[in-house]
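J.: Chains B and X are the protein sequences, given in the same order. Under our numbering, the first residue of the first sequence carries the number 1, and numbering increases by one thereafter. Under our numbering, the first residue of the second sequence carries the number 1, and numbering increases by one thereafter.
Since the hints were derived computationally from the structure, they do not count as laboratory data. Nothing here was measured: the structure is a model prediction, and the numbers come from that model.
Just a few of them, taken from the derived set where beta-carbon distance is under 8 Å, the chain X residues facing chain B:
#1 Gly108
#2 Pro110
#3 Val206
Beta carbons are placed, not taken as given, at the ideal position from N, Cα and C, and that holds for glycine.
Residue-level listing of the chains:
Number of protein chains: 2
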Amino acid sequence: MEDLSRLCVHTITTRPWSLAEAVEHYARAGVRGVTVWRDVFETVSPKAARRMLADAGLSIVSLCRGGFFPAADAEGRRKSIDDNLRALDQAAEMGAPLVVLVCGAVPGLPLAEARRQIADGIAAVLPAAEARSLRLSVEPLHPMYAADRSAINTLAQANDVVERLNHPNLGVTVDVYHLWWDPDLEQQIARAGRRIFSFHVSDWRVPTRDLLSDRGLPGEGCIPVRQIRSRVEAAGFDGFVEVEIFSDHYWAMDQRFFLDRIIASARAHV
Amino acid sequence: MEDLSRLCVHTITTRPWSLAEAVEHYARAGVRGVTVWRDVFETVSPKAARRMLADAGLSIVSLCRGGFFPAADAEGRRKSIDDNLRALDQAAEMGAPLVVLVCGAVPGLPLAEARRQIADGIAAVLPAAEARSLRLSVEPLHPMYAADRSAINTLAQANDVVERLNHPNLGVTVDVYHLWWDPDLEQQIARAGRRIFSFHVSDWRVPTRDLLSDRGLPGEGCIPVRQIRSRVEAAGFDGFVEVEIFSDHYWAMDQRFFLDRIIASARAHV
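So here's chain B without its partners, still in its complex pose:
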């Protein structure tokens, strides 16, 4: 993407930076959108975050993340709903239009049961999302996270849940890192259509040294990021392209140089 007006960066991508630092550097580098991770609220209130972004002319793209609905018992599931309602309040206060859902899984809980609890959890928080004019998106996670992070591991499953609950405020997030391997991806992107509420990019490194924090910049791995982007846009998506990278390697680097590489990678490979 030559034009950076639709480029968004996740605050987690430059984790060593405070929100204030991230906002300052993103704006200076030409990034126009920010997806805020909830850990920033440990030091900045949602309202203060909203002001910071507005003052810098940055759009708030989404809040990451709600979800984690399944639990071993009813008490755990109730706590999860409470936490999701808190996330909705935070999103509303900071003016985020979308809350991304990482749906959750509990080691040992059968996946079919986790999937039922996920659908129930989403249904339980949808009215609160609608009341706040917020959208929710189901983000399928790579199957290597099925044990403990999400029992929704393909776009087909996310589409199934979204179609079943059939609510205008509910859609999906397409993240190339989680979905690139899926032989059914092209079809499922078309099926999701305008229910694609957000789009995340990074790359799959070879070798991948860590299951959680070894993502690459687009162009550094084997994901056809540009091809997937064109499919998502052909399906009707016209929102931000969000760079979401967890990387011990990049977090150890001066984040200003890393941001330069993010920009160069977006221009050349997204």
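Keeping the supplied structure of chain B fixed, place chain X upon it in accordance with the hints.
T.: Structure of chain X alone, referenced to chain B:
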């Protein structure tokens, strides 16, 4: 499984042991089948291996592994075919009835192209397998190996290839580690039916510390091994249950204690 008469162990599972050591200890522990990995041929000929197993009263279940068909150029694909033919010769010499195929992938080669090359490669070696009365099985690998080990990542894809090539000597291998997360697994096991030629077990640890060598023993993780086994058998499979574990943790242990744990795990959790 209380009855160990269908328990098989892969030589790679107890990698520190020579084939002679493995055969001696497996037989003493009541293991009845062995799947041999080709690295043993660095020190033992297929014929010598055959004798060792026969003398100990052990069945040879399969040879691991052929495959790795995709390559960047025609020369690479030709070499891969040659290597697969060598594997077939080794299997025939050692009396292995089955060669398991890890189908391959090349970082940067589009997955759709890799999948075409895989189908072509299997088609190219099937006549040689038939001539040697050998069976071949397509083993789908977990999506986290899509970049560099196999572009066949679901049982649905394996079934597709096998049905398309439609040859009595071609089937699938079901490995719980690769497939447990798949929402479509039950259906695809039923679809594979008697084309399930082999069945591998291990477990998915939480957390998984390494993408390659951190598998657990059945019971140590979150895979419903016994449930998947019952589905595979309901589909008509009645062969060996094969313990295939790559684990830096277990390879560092005295392999006699590890083998005791394999037996205990098989009895309690398979």
